[in-house]
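Residues per chain are reported as follows:
2 protein chains.
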Amino acid sequence: MWKAKVVVTYKPGILDPEAKTIHQALTSLGYTDFKNVETGKYFQLTFKEKMTRDQAESVAREACDKLLSNPVIQKYTFEMTEVSG
Amino acid sequence: MWKAKVVVTYKPGILDPEAKTIHQALTSLGYTDFKNVETGKYFQLTFKEKMTRDQAESVAREACDKLLSNPVIQKYTFEMTEVSG
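As given, the protein sequences belong to chains V and W, one line each in that order. Residue numbering for the first sequence follows the numbering used here, beginning at 1 and increasing consecutively. Residue numbering for the second sequence follows the numbering used here, beginning at 1 and increasing consecutively.
Because the hints were derived from the structure by calculation, they are not lab data. Keep in mind that a hint or two might mislead.
[Unchecked claim] Taking lysine-lysine and the DSS-like style, the derived pairs with C-alpha atoms no more than 27 Å apart in a straight line are:
| # | chain 1 | residue 1 | chain 2 | residue 2 |
| --- | --- | --- | --- | --- |
| 1 | W | 75 | V | 35 |
| 2 | V | 41 | V | 5 |
| 3 | V | 5 | W | 11 |
| 4 | V | 5 | W | 5 |
| 5 | V | 11 | V | 50 |
| 6 | W | 48 | W | 3 |
| 7 | V | 3 | W | 48 |
| 8 | W | 75 | V | 75 |
| 9 | W | 66 | W | 50 |
| 10 | W | 5 | V | 3 |
| 11 | W | 48 | V | 50 |
| 12 | V | 5 | V | 50 |
| 13 | V | 20 | W | 35 |
| 14 | V | 48 | W | 35 |
| 15 | W | 48 | V | 41 |
| 16 | V | 41 | W | 3 |
| 17 | V | 20 | V | 48 |
| 18 | W | 3 | W | 35 |
| 19 | W | 50 | W | 20 |
| 20 | W | 35 | V | 66 |
| 21 | V | 48 | W | 20 |
| 22 | W | 48 | W | 5 |
[What the hints assert, rightly or not] Looking from chain V toward chain W, a few residues come up when the C-beta cut is under 10 Å (computed):
| # | residue |
| --- | --- |
| 23 | 22 |
| 24 | 43 |
| 25 | 48 |
| 26 | 51 |
| 27 | 70 |
| 28 | 71 |
| 29 | 72 |
[Unchecked claim] Example chain W residues on the side facing chain V (calculated, C-beta under 10 Å, incomplete):
| # | residue |
| --- | --- |
| 30 | 34 |
| 31 | 42 |
| 32 | 54 |
| 33 | 59 |
| 34 | 62 |
| 35 | 71 |
| 36 | 73 |
Heads up, the beta-carbon is just placed ideally off N, CA and C, and yes, glycines get one too.
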């Protein structure tokens, strides 16, 4: 059974106010060793048993393009992993 | 220079209505090959140059415990990667 682990992040140059807030919060908690913070969304898509790796990868890519990311401001990467049961 | 790539997801048994909605949306778009969808947050923490891997890993773990995740309902994993410049 195949899983796609998808990470959606902002393209370079797109403002990420949540990340800025987290960076400031970490600094105010005393953690001053961060140079940069970025945020993103994570999705784990589990496919039905009958799907081959190639089929799953192709469907995962379409799902990312059409629903999970906004291609104007975001980019995505995913990796396929095989899991039992 | 070290980076921590953090993924925060819900613990088993915690309701994930966003994932349910995405699963339904995929189905209504004609993608009926998904058995399960889970969502989570992604954070990429870049550390200052002076930090060693051990120091960075320890700070990343504290940041996850104290700010990036809610230990009551969420779990996290992270991996350290070394980047140049």
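**Ascending list of hint numbers which this structure does not respect** = Hint check: 5, 7, 11, 13, 17, 18, 19, 27, 28, 29, 32, 35, 36 fail, others pass.
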